[in-house]
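All chains, full assembly: derive it from the sequences and hints.
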Amino acid sequence: MDRRAFIRNTLRCAFAGAAFGALPLLDISALASPVQGKVRLARRQSSDIEELVSQTLSALGGMESFVRPGETVVIKPNIGWDRTPETAANTHPLVVRALIEHCLEAGAKSVDLFDRSCNDPRRCYVSSGIEEMVRGLKSDRVRISHMDRRAYREIAIRSGVELQRWPFYQPALDADRYINVPVAKHHGLSTLTLGLKNTMGVIGGNRGVLHRSLPEALADINTVVHSDLTVIDATRILVANGPQGGRLEDVREARTLIASPDIVAADSEATRLFDLEPHDLPMITVAARRGLGVMDPARVEQV
Numbered sequence: 001m002d003r004r005a006f007i008r009n010t011l012r013c014a015f016a017g018a019a020f021g022a023l024p025l026l027d028i029s030a031l032a033s034p035v036q037g038k039v040r041l042a043r044r045q046s047s048d049i050e051e052l053v054s055q056t057l058s059a060l061g062g063m064e065s066f067v068r069p070g071e072t073v074v075i076k077p078n079i080g081w082d083r084t085p086e087t088a089a090n091t092h093p094l095v096v097r098a099l100i101e102h103c104l105e106a107g108a109k110s111v112d113l114f115d116r117s118c119n120d121p122r123r124c125y126v127s128s129g130i131e132e133m134v135r136g137l138k139s140d141r142v143r144i145s146h147m148d149r150r151a152y153r154e155i156a157i158r159s160g161v162e163l164q165r166w167p168f169y170q171p172a173l174d175a176d177r178y179i180n181v182p183v184a185k186h187h188g189l190s191t192l193t194l195g196l197k198n199t200m201g202v203i204g205g206n207r208g209v210l211h212r213s214l215p216e217a218l219a220d221i222n223t224v225v226h227s228d229l230t231v232i233d234a235t236r237i238l239v240a241n242g243p244q245g246g247r248l249e250d251v252r253e254a255r256t257l258i259a260s261p262d263i264v265a266a267d268s269e270a271t272r273l274f275d276l277e278p279h280d281l282p283m284i285t286v287a288a289r290r291g292l293g294v295m296d297p298a299r300v301e302q303v
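Take 1 as the starting number for the sequence shown in UniProt numbering and just add one per residue.
Quick caveat, the hints were computed from the structure, so don't treat them as lab data. Please note that a few of the clues may not be correct.
[To be verified] The list that follows gives simulated cross-link-like pairs (lysine to any residue, SDA-like), each with its CA atoms no further than 25 angstroms apart:
1) K38 with G62
2) K109 with P69
3) K109 with D148
4) K38 with H226
5) K109 with R143
6) K109 with H146
7) K38 with R272
8) K38 with S65
9) K109 with T72
10) K138 with D148
11) K138 with R97
12) K109 with S65
13) K109 with Q55
14) K138 with E51
15) K138 with H186
16) K109 with P85
17) K38 with F66
18) K109 with G205
19) K109 with A59
Source: prediction; values computed, not measured.
Here it is as structure tokens:
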């Protein structure tokens with residue numbers, strides 16, 4: 001049984017127990033163990049986004065290496081801001097579309113997309129171009145939805161460092177596969193926002209308070225929300241005034257995609273797009289120390 005299946009089955013049992021008054025409990029100490037051996041990472045460049053996604057996935061063995069026929073998939077882009085694609089505040093809709101198509105070709109039963117937006121969700125979904133893109137696919141296997149307040153479940157996190165309990169969006173945990181698709185950009189509080197931070201879009205509660213001890217909080221969150229594949233959209237990157245942006249002079253065309261089943265390795269590689277190193281970001285060093293992935297380049301196999 002893989003890590004995500006173990007988490008999902010554990011939580012299903014926990015939610016069943018919650019019906020009788022017990023708080024769903026996830027034992028992080030039973031899950032977090034150091035990653036062994038080398039991890040694979042693909043980094044490609046192209047101005048053709050569809051070809052860029054295909055080349056990157058192919059280097060990792062294709063989407064069929066991550067999604068099996070009949071599985072349910074969540075694709076989690078960044079749709080947090082009322083901004084158009086050229087501002088680089090949200091994941092590019094063409095990157096998301098290509099990933100959806102590869103999931104469908106791999107035989108996914110369903111593909112769901114959602115994000116807990118920072119601006120008004122209705123405007124974010126429209127301005128980002130992602131809602132229109134999904135509607136244009138006209139597939140009954142692909143759904144984009146706004147977060148349902150009734151679908152958050154508070155989970156007690158045994159051995160959590162910063163978070164001992166927190167509400168998580170149950171549909172993100174229930175899916176067979178979770179594909180994390182952040183946009184690479186500057187962030188005024190955390191320096192950058194990449195894959196580790198993108199998982200904040202599937203938690204409830206007052207997220208603002210987490211910035212007081214963000215690295216440990218993100219490690220707790222990413223132990224619960226395990227990403228099977230992280231695909232970092234760096235087709236264009238926001239290099240200043242993030243995370244919301246809005247000025248085109250702050251955007252740089254990078255025409256790059258980074259993907260790995262190891263979220264820490266993916267985030268580590270993405271730091272170099274901003275002339276930084278992984279150790280410059282505490283959220284990466286903490287995640288690596290806590291066994292969530294690899295930041296040592298000697299242990300990353302670029303394919």
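Restraint status (C-alpha distance of K109 to S65 at most 25 angstroms): 16 angstroms, holds
Pair hint outcome, K109 versus D148 [Cα-Cα no greater than 25 angstroms]: Cα-Cα ~22 angstroms, so holds.
Pair hint outcome, K109 versus R143 [Cα-Cα no greater than 25 angstroms]: Judged against 25 angstroms, a Cα distance of about 11 angstroms means the pair holds.
25 angstroms limit on alpha-carbon distance, applied to hinted pair K138 and H186: Roughly 34 angstroms between the alpha carbons, so the hint for K138 and H186 is violated.
Distance restraint between K38 and S65, which requires alpha-carbon spacing of 25 angstroms or less: Given pair K38, S65 holds - Cα atoms ~17 angstroms apart, limit 25 angstroms.
Hinted pair K109 and T72, Cα distance within 25 angstroms: Cα-Cα ~5 angstroms, so holds.
Pair hint K109 and H146, alpha-carbon separation not exceeding 25 angstroms: This hinted pair holds, its Cα atoms lying about 20 angstroms apart.
Hint consistency between K109 and P69 [alpha-carbon to alpha-carbon, up to 25 angstroms]: With Cα atoms ~7 angstroms apart, K109 and P69 stay inside 25 angstroms; holds.
Pairwise hint evaluation, G62 against K38, where the allowed Cα distance is 25 angstroms at most: OK: K38 and G62 at ~19 angstroms, within 25 angstroms.
Holds or violated: K109 to P85, with C-alpha atoms at most 25 angstroms apart: 28 angstroms, violated
Distance restraint between K138 and E51, which requires alpha-carbon spacing of 25 angstroms or less: 22 angstroms, holds
Hint consistency between K38 and F66 [alpha-carbon to alpha-carbon, up to 25 angstroms]: Answer holds: K38 to F66 is near 18 angstroms, not above 25 angstroms.
In this structure, the earlier hints numbered 15, 16, 18 are contradicted, and the remaining ones agree with it.
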